[in-house]
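Student: Please model the entire structure based on the sequences and the hints provided.
2 protein chains.
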Amino acid sequence: MKKPNVVILGAGYGGLMTTVRLQKLVGVNEANITLVNKYDYHYETTWLHEASAGTLHHDRVRYPITDVIDRNKVQFVQDTVVKIIPQEQRVLLEKGELSYDYLVVALGFESETFGIKGLKEYAFSIANINAARQIREHIEYQFATYNTEIEKREERLTIVVGGAGFTGIEFLGELVNRVPELCREYDIDPKKVRIICVEAAPTALPGFDPELVEYAVGVLERKGVEFRIGTAIKECTPEGIIVAKGDETEEIKAGTVVWAAGVRGSYVIDESGFEEMRGRVKVDPFLRAPGYDNVFIVGDCSLMINEETNRPYPPTAQIAMQQGELCAKNLAVLIRQQGELQPFKPDIKGTVCSLGHDDAIGVVFGKKMWGSKASFMKKMVDNRALYLIGGPSLVVKKGKFNIF
Amino acid sequence: MKKPNVVILGAGYGGLMTTVRLQKLVGVNEANITLVNKYDYHYETTWLHEASAGTLHHDRVRYPITDVIDRNKVQFVQDTVVKIIPQEQRVLLEKGELSYDYLVVALGFESETFGIKGLKEYAFSIANINAARQIREHIEYQFATYNTEIEKREERLTIVVGGAGFTGIEFLGELVNRVPELCREYDIDPKKVRIICVEAAPTALPGFDPELVEYAVGVLERKGVEFRIGTAIKECTPEGIIVAKGDETEEIKAGTVVWAAGVRGSYVIDESGFEEMRGRVKVDPFLRAPGYDNVFIVGDCSLMINEETNRPYPPTAQIAMQQGELCAKNLAVLIRQQGELQPFKPDIKGTVCSLGHDDAIGVVFGKKMWGSKASFMKKMVDNRALYLIGGPSLVVKKGKFNIF
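Top to bottom, those sequences are chains Y and G. Numbers 1 to 404, taken from the UniProt record's numbering, label the letters of the first sequence in order. Numbers 1 to 404, taken from the UniProt record's numbering, label the letters of the second sequence in order.
There's no promise every hint is true.
Identical copies carry no separate label here, and so any pair may be met within one copy or between two of them.
[Said to hold, decoys possible] Below, a list of computed lysine-lysine pairs in the PhoX-like style, where the Cα atoms sit at most 25 angstroms apart:
{"#": "1", "residue 1": "K245", "residue 2": "K120"}
{"#": "2", "residue 1": "K38", "residue 2": "K398"}
{"#": "3", "residue 1": "K38", "residue 2": "K152"}
{"#": "4", "residue 1": "K83", "residue 2": "K38"}
{"#": "5", "residue 1": "K24", "residue 2": "K398"}
{"#": "6", "residue 1": "K191", "residue 2": "K38"}
{"#": "7", "residue 1": "K373", "residue 2": "K223"}
Bear in mind the hints are in silico, worked out from the structure with no lab data behind them.
Tutor: See below:
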């Protein structure tokens, strides 16, 4: 009997969790497992705001994929996925192609610019390790350049964050801690620095408990962030942004613009002819793409409706990992042709949003929390993600223990 | 009797040495001493190549001026000199003006671009702390950006150094050590990085012993530097440089161009109507400007002919400090109106050119040396400069002790 080919695309939270669970569930002789990823490392997407601000080195945010996979069972291919041809059970890569019996698509998110002019060209987005390093260095270069110019341009020291959602707020929390360090490094008066957050929605952190939102905004404002709520970015230019509130428009000059207001699924989904909405596929209860019983979609590329709220579940690491876990179990059922497929039921333990290394807000097991307690919980959430994929040794290597 | 006003312009090697020696020689009631400097710190100009490459933090390269001056005797003014009016014994500053009975001009060097098109706009020069930080960050930003671009531009990883003189060679020595660190930091294949040194003269380090030059060039070539000797930079563009050798021209694309091939005296000299050549004044044996017996010029703005070679002495820290020492003695003679002015006689102990932190070439007390012995000597030279100005406590604070 021919061993089935299982191909997993992407080594983010969803894909890597599928891989490490599947390698435990099946034996060497039961399946050929191939994991494809653009880089030879996994990175903690939910920690990228720290690497981008420069408050945590990017090497603390990533680890080699070969550290967590069992190379006797899993073949790792470093390549970029170009397109899936589900009718032919093939995947085109930049440097090769693969055929599969079972496919797991875990290609994660990309930045969504909603067609805002100039955003792609002139704004950064906190997308991956490469982008995070560039944002860190771009901001630092602006500070390093300021004092070299005879005509001082204070807009070099202005940082605009587009979006006061989860990523925007967490990034602001790091920036307010980073800026005083940069001011010392480059002999700059902190009063000259501006951090401006522009949010089109009528509140920061839409969907969060209002009392916690107020706490978060208050903390960031006291540390110098200017919030422009209910204000939309209309255009991004080489000099900054143009915003609109009602009928009034205004130009804000800024040396750095970071767009943290929109994500979508992978463009590979669009390319491959799946039924999709912004790169996300509405999957069946077993996480399969409509029409293809052998194609599972986990993480930010999958779309599931929360029946309690009638809205899609948000694209979070928590859900991606739970999906990966279930996907591995269902793959084992299919490979062995015994047992029954299980439907996905998310188990939302809570959400914690950091405000720098020593403050946070969150709701955990239905309980609201803020300050050092929430910050402690955030670090436990971060360490738990490491534990679930790489066990205790990965927590020791990469975990966050600056908890007191 | 009115106390004379002594004004010292510039807190580089020459000006600061004049100040610290003069404050020891005269009493509080003998003179008003005012030191003017653009920054509130002194920096080791001869170490700036390290800060520029990023191999030594710029805070290791500078110290507060108030650490070494006696504030009972010396008034420190942080301001920028605009113009000297020697006929009226006045100095115009950006934010004020001073009148003097005795003036010491120690305004140091500026970059000389020899009218090469685009050099001022598109090339960096290792001029001061601000510039050094910007060069370090510019190079780092090029490396950080490389992997974020879909179309990789390898010229981002090309660094051109204009000039294989003393500064150019020392900067190359640091760069070859820094580049492997940057490659690790930004996941870049070191083979993609190019370091190109362009020198118009027929040899690197003109004036140095040929055997030592060969050693230095060999060391740097083995670490990856490409030398283009006898090749002139014709133009600098936003994309790189255009060079010419004989009749042939060539474009070299480069993300970073550092111009290390020319220095001149301060433009304040030109502005102030002294007889000058490229901002340097041919001083009398007592270091005085022609026509003004109360204006002393020390350091890189002064020009003295070495009668043995019939060429000017090079602008070095060694000579600047010796001039400062003599200038302080002569000022004390004038202030007290007793004794006789002494002529300046340089005492060249040697020259050591570093090739990174662990290698160097040099001639010290007439003896040629290279390798770790020369490197040790270089660090002793650096520590000696600290000792002469700030005594043992400054050596302890800022000295180089990584000598084994």
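Student: Kindly indicate which numbered hints from before are broken by the structure, ordering the numbers from low to high.
Tutor: none
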